[in-house]
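Asker: One letter stands for each residue in the lines below.
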Amino acid sequence: MPDQFFHFEDEKVSFEPGMSVAAALLRAGIVHFRQTQVGNLPRGPFCMMGACFDCLLLIDGRPNRQGCMTPAAKGMVVKRQPAQTTLGAG
Amino acid sequence: MRTEADFVVIGGGIVGLSVAHGLLCRGQSVICLDGSDVDFRASRGNFGLVWVQGKGLQAPHYAAWSQKAVREYPDFVSGLRDDTGVEVSLQQNGGYEYFSDSDAMAERLKQFKVLKKALDGDYPVEALSADEIRKEEPMVGGQTVGATFYPHDGHVNPLQLLQALAESCQKRGLAHYLGERLLQVSHDQDGFHLKTEKGLEVQSAKVVLCAGLGAKVLGPLFGFKGLVRPQRGQVLVTEKMPPVLNRPSVTIRQVNEGAIQIGDSKEEVGFNDNETQAQMARIAGNAIKVMPKLGQLRLVRSWGALRVMSPDGLPIYQQSKTMPGAFLVTCHSGITLAATHSRNLSRWLLGDADAPDLGAFSEDRFNA
Amino acid sequence: MMAALTLLEADCEVTVMDEQPLAGGQIYRNAARMDLQQAAMFGRDYVAGGDLVRHFRAAVGDRLSHERGATVWSVTQEGEIAWSVGETSYSRRFDAVILATGALERAMPLPGWTNPGVMTVGAAQILMKTARHVPSDSVLIGSGPLLYLVATQMLEMGVPPRALLETQTGFDYLRAATKLRPNITVLSYLLKGAGMLRKLSHARIRRHTSVSDVRISSENGQHRVDFSSRGNRHSINAGHVLLHAGVHPNIQFSQSLGLDHSWNEANQCWDPDTDAMGRSSKPAIYIAGDGAGVLGADAAKLSGQLAAMALLQDREYDVDAAVVAATLAGHRRFRTIRAFLDRLYAPKAWHSKPDDDVIICRCEEVTAGKVRDAVSLGCLGPNQLKAFSRCGMGNCQGRYCGLTVVNLISETRGLPPADVGYYRIRSPIKPITLQEIANHDIIN
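Protein chains in written order, with the numbering used here: chain A, 1 to 90; chain B, 91 to 458; chain C, 459 to 902.
I should point out that these hints are in silico values taken from the structure, not numbers from a laboratory. All residues carry an ideal CB built from backbone N, CA and C; glycine is no exception. Treat the hints loosely; a few may be bogus.
Stated by the list, open to error - If you want the footprint, here are the derived chain C segments under chain A, 3+ residues with CB under 8 angstroms:
id	segment
1	472-485
2	568-578
3	588-601
4	658-668
5	765-771
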């Protein structure tokens, strides 16, 4: 089955249906998902089961999305979450 | 640590520590008997407001007392900072109460007019129109028709304030006993002899009861009526945001770490500080009515806490009639009054000539 | 799944609230989606898990609903459940609730544990099960059967780990040996374990034991792991670092409900109090599986049946006493291997009570030193500590710092952990938008 793709920063990341965004990113060798709010330190997935909240990403403009709990979808726009998140248009 | 002192303060929350702080600054020796980690500690569950607006609408003396307290806040906080280096994140540029009902706002403005007169014009409250408030606070939208503004209202990080007070008191020689609940009191010409549940015995010339809801049980030991009851308030806390709110309001404020704190409720449910789905929904709904964009924020945690409520909601300051030297200090606005509890209450507790006149706050007002 | 199926057999109306999009929980993650050949790489138990998932899926219908991707954010003592699917939130009152929220991997705070590329062993296993991807050049650190299981699964998938750094010592083996009981369960367990170790040895996977004082430094996606073992200091490079120090019950719901808990000294964690069948300290609330106490997946299946049968008994359904007795007996056997495992793989002080400069609250970035200071300043317990340090206030609400905090307070105050208590856990158990909370539909 041919892979599908979503966007991460400037790259296209492939995934198979059913994979989480985090799993697809890890498979592509990407481990740095966000910067922390207090110390501006880099973080990536830790537990992969929705409990640790370290895999937070900006997905389709919405911040604080758990990458490991979000199924990857074709055309999704995923970005690293910066230390300071912003409100969307609402 | 000492077991004899000029004063024993019962309760180590914001009220107890503010009172202790004031006494220590006057050179008194103080012992504090503080409860346990699982007691209902209102000091850990409050909203963090330093607030005048809306208080004492039918009791000008309370409005005046609150007004005095917030005016002394900056000095109080810088004193703590000098002592401890702890930053309590006081922001005191004024605060709002938002209205989505024009009649309710008109009614409130009428009440302010009456109050202002009773205070000889010393009540600098303002009214803002729908447009004006939206300009001041871009997050405001939806059904808001206007807001009232009081320039000395503000907010503080209540946990940091508590920490600063604890450290300052410690530096000034407070003997702070943790996990000690009062069991017995006796009083004779030597003063007060207090014994705790764990068997600790302490002695003092005077006692100040600042035990929050504990005043109901402990008050009578000193001859107080102890007319306090729990009133639950629930609070929601969102994920952290960059600064989006300029000033706090009674129910919505952005804390210094970035989360937005939203309240509240006033429930008479006894000693139950659980959060409830129904109130969380109501509080969230009300906040969204004022600031629609809040809807997309995620709630990370919530809490319920028990306010220490007197029958009329005003503080109680009372010296015991049966055991002179014992004092009751209780209120639900411990954060707002912290500055004055430290700086002015000591004069009353020490019987100074220039002590504030707190007669209007005595328990006598509850005599039917 | 077992609890739901047991209740369904008695013709109850059952709803399974599942945070994942597919049935299977963590242990059988993706089990029904994989073809047999792929599934076999994860072992016979996993393949059997796939069967259970398929069976469960077939049973979904009028009486059994499976709410997938449902994030439950509140459960009350009265059985009111609030949950969120997609962007919509619902609330409904149920007659009884069985909590089956499983376990969490114990946090292993050590220098560098928050670096990107450092994950739990369980996380790696989930990656392998859901994306068939093995983190390359992994160094696995910690203790417990999962280390060997995942290492052998990596071997099967053709991407062997670089090394295993195991924290158990010779003493641990000796003391654990006294807990061994001669029965079938224990024997089969040990045989399974020996089999895995043989595979690892045959593949010449490097194993260090008595490992302590681990430090991870990371740069450009590569890691260097410094550690002590048998009196020497070693250094090893890795593409990924995977941590595991056993699992403990996920007590977020049970704590938020105010259920009674007791300190499990052997597993160094808080276990909810339950009777042998899974009744909690409050009526109409039951706990099944590792969430009641860690006994493993096979025990969890029996535990699910027992909790369901307890529920049925309490609602005065006819429950076959012989079946109850047999299931109880079967469930009891799993305790015998537990004592051995808990002793052998007991958590170590160097990572349960880490040095001052180690971050122990990942969410709020609070160090162990800040916690010790706050306790010295008068924080009697975890809740005052929360107030003074923000530890436990972040997104994960204490899941990965709670037990460390208990240990640090215990150490600093000289109190047994059982006397230290735990965080007051509140809803929302998972974050949920204000909009959803405001608009939640109440289902009747």
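Asker: Does each hint hold? Answer for all of them.
Answerer: We went through each hint and held it up to the structure:
no.	hint	in the structure
1	472-485	holds (count 4)
2	568-578	holds (count 7)
3	588-601	holds (count 4)
4	658-668	violated (count 0)
5	765-771	violated (count 0)
Going down the numbered hints, you'll see the structure goes against 4, 5, while the others check out.
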